[in-house]
Each structure stands twice: as structure tokens, then as C-alpha cells.
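Enquirer: Residue numbering for the sequence shown follows the working numbering, beginning at 306 and increasing consecutively.
Don't read these hints as lab results, they were simulated from the structure.
The structure presented is a predicted model; accordingly, all values stated were derived computationally and were not measured.
Keep in mind that a hint or two might mislead.
Claimed, not checked - Computed beta-carbon distance windows for the label pairs:
1. Leu776 - Ala384: 14 to 24 Å
2. Pro406 - Ala359: 17 to 27 Å
3. Phe622 - Leu776: 27 to 37 Å
4. Ala507 - Pro410: 43 to 53 Å
5. Ile690 - Asn572: 48 to 58 Å
6. Ser316 - Lys403: 25 to 35 Å
Unchecked claim - The calculated DSS-like cross-link candidates involving lysine-lysine, where the alpha carbons are at most 25 Å apart (straight line), are:
7. Lys327 - Lys488
8. Lys444 - Lys775
9. Lys519 - Lys363
10. Lys706 - Lys488
11. Lys767 - Lys706
12. Lys706 - Lys498
13. Lys444 - Lys767
Think of the CB as a built atom: it goes at the ideal place given N, C-alpha and C, for glycine as much as any other residue.
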Amino acid sequence: MEARTIFQNISPIDHRYSISEKAVYEALVPWISEEASIRACVKAEIALICAHLAMRGKITPAIRAEFEKITVDPADVYAEEEKTSHNIRALVNVLKRKIPPEFAPLVHLGATSVDILDTSLSWRMAGVTREAALPLLKKLELLLCDFAEREAETPQVGRTHGQHAVPITLGFAIAEYVSRLGKSILEIEKRSKELKGKLSGAVGAYNATSMIVKDPLELERIYLAELELEPSEHSTQLAEPEYLLRLLLEYNVAFGIIANLADDLRNLQRSEIGEVREGFAADQVGSSTMPQKRNPWNSEHVKSLWKAFMPRVNTFFMDQISEHQRDLTNSASQRFIADYIAGFCLAVSRMTGVMQGLDADRERLLANLLGGNIPGGIMAEPAYILLAETGVSDAHEVIRKITLAAEKEKISFAAALSKEPVMLAKISGKLAELGLIANSSEVVSFFEKPQRYSGIAAKKAKSLAQKYRKLMGATKNV
């Protein structure tokens, strides 16, 4: 076949990302490249020969060793397909020329094309998940655990609807993603181990193999065991598509979680917020015209990859449907699973880079917590709760009016509250009961320090980091 430089490739995955994300690209090639696809089919065909020989009691270590030496050039298969107009028949023809003559009659014996295609795809998807995707995901998860634990007690203003809400900690905010992504990683791992294969023939009724062996189910079991797979419970010409679909959907769940994290980190780097910052190399340029710019481009890049690949899930659903045992409406679309897995892994890798270089600006975090439209206004909630606990039925309305007064007079919430001595006294008594202040003179200072009101955010961040570090099979020093 004619060779060309990578810059003549059409997909950005094969030029831009093969250079910028070389390690990820090289980890994916053995599993989802076209060469990998063809060699996986060869592996399945050889597994079938071994199964036939095993059923006849003729398989030996020497024969297996001989089979392991067999290689097929994808270019030869493509050249043969020009003649046959059939990919698997082309592969079979090429393989028969490579296999020792005494075993040639066993090549593809009793199989239909999809016995090879679906089975080899399951083998590849299990492999790429185990060898490429999961290591990347677990590395990212551990970095999130480290960050959540390191910043567990770093005060941050909590936000809802883009507005200041109540105090949390930065570690607690990241612990959200520790939990969400951690569960998704475990689910991806589980689903990858549930992928199935088949050797049930053209309509799934074992017509062909029942002509060869007395127990076609045992032949199928041995064939799939060679590839560390189990049979689909029921198959037509296809293995049940839901096994693969569920794995891909969980990939998409993880992709959405990572994109959500990227969005949050991108927004926290806005000039007016500035609470965290991506790493920025000494020679890096943020803008072609504005020398001062330090754009959060890696976080934006992750979101951009999600935008490009997330809609592919529609195709995964459409590939679930095949009419009358089997049609070819998934023949082209299913090939793009490789692109999706590549895009996903590239996004995970880029997000990992973000987390490795992410810095927290603790001074800015505290300034934002103390500031806002009403300085200290995020302490309105504890004031309302404490006042209600004293028996004031309209406590919410009382505190709401105090926040309005603070906004109108351009003073802090604590200053506005101090102008209401009756309510302040009630709140002071309750704070003293809880042991949060020693005497009434400290009540105003309590509301001047929002960082004291963060619930169990720090505890939650640390416990989730520890939990998911353990679930990822790692210790703190890994």
C-alpha cells in the first residue's frame, strides 16, 4: 500500500494528537488501529482452529507455539479484499496461505463473519479499556484524590447559579469529581469484563457447528476461552449489542464528568475569580497579540473534545438495532468506535495534565469568600438558622431584610447584623450554647469569618479521597 506522511492524514487524531499526545496514541495503536483490528481477527481465527483441535484432542504446546509465529500483513488483506469485496473472506484467504497446510481446512470452519468480527471487537475493547483507558482514568482519579486531600481545609466560597452561596473548601469542591469519576471508573472496569463473543453461526442457531461437533456450545466455549471471553447468552448473526453499548455509555458518562470538571476549572480561572490556575511553561504563549494572556486552554481543550465526541453516543444507540438477524447498517458506523475511544483517552490525558499543574491561589480564595456584593453576606444562612432555633418563626424574613440593609448601606453583613441588638442577642445565646463563641462579645467576629462556617466539607473531602484512592488499588504514595 502507498505510504504517506502523517500530515496527509484526514483525522486530527492521526496527525495533531499523534504528535502532541504521543504516549496515549502509542498505547491505543495496539488495540484500535486498523492494523490492530485485522490482527485481532487473525487472533480469533487462530483461536477457532485451536478450539477445533481441542475438541478433537489434538492441540499441543508445539502447535500453539507454531500458531503464535504466524503474522498477517494488513496490506495483504486489503489487497485480497479488492478481489473478494468481503473483508473476512479476504482475511481467511490470506491466513490459509500462512497456516500449515494440514490446518488450513480448519480456518473459519463453522464460523460466520460476525463470529470473528464481534468476538475480536469485544477482545479489543476489553484490552483497550484494561491497558489504555483505565490506567489513564485511575491516574487522573488519584491526582484528584491528592488535590482534594491537600486542599481539604482551604476555604472557598460555595456557588450556586453562579452566585455566592455558603462557604465550602476547595478540596470539597474537587471531591465531587473524586466521587463521580471514581464510581464511573469502577463501572467501566466492570462493564469491560462483561463483554461477550459468539460462535453460533449465520443466524445464531449453531447450524454450521452442529454439523461439525456433537456439542456446539462446548466448541463455542473453548473458542471464546482462548480469548478470555464468554458466550453471548443469545445471539443472532450478532452477539447481543447491549454488552458493548453499556460499556460505551459508561465511557460517555465519564467523559461528561471530566468535561464538567474542565468547565468548573476553566471558570475558576476567570480574571474576576482567579482561584486556581493551570500550569504555564516559561516559553508558552497565551495569545498571538496579547503578551499578558494566560488562557485556561487545556481545560477548554477537554471541553472541546467532549463536544466533538459526546454526540457519537447517538450512533452507539443506532447500532443497537439490526433487522432480521443481521444487516450492514452498523458496518461503517461501528468502525468509528475507535475514534471515540481515542478522543476520550486524549481528553483524560489532557485533564491529567491540568491536574498535575493546577495551583490554588489561597489568598484569592479567601478574598472571594470574604467579599461579594455584601461582604460576609454568605453568613446570612447560619444567622437565619440560629435565629429560627431560638423560636423566631419569621427568622428567614428578618435576616433577609438585614441583608437588604447591608446592600443598601454598602456595609458588611456582620455590621448590618450588629445594628439589630435584639436579634443579635438571641443569635449570640445560641452560638454560646453550641460552644462556637465564649461570650457575647465574640458574636460579631463569628460572622466576620465565613471560613469557620463550612460544615463537614473538609472531613468529607478527606474521607472521599481516602476511599477512592483505596478503590483505585493505590496508596497515598503511589
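Enquirer: Of all the hints given earlier, name the ones this structure violates by number, lowest first.
Expert: Violated hints (numbers, rising): 1, 4, 5, 7, 10, 11, 12; every other hint is consistent with the structure.
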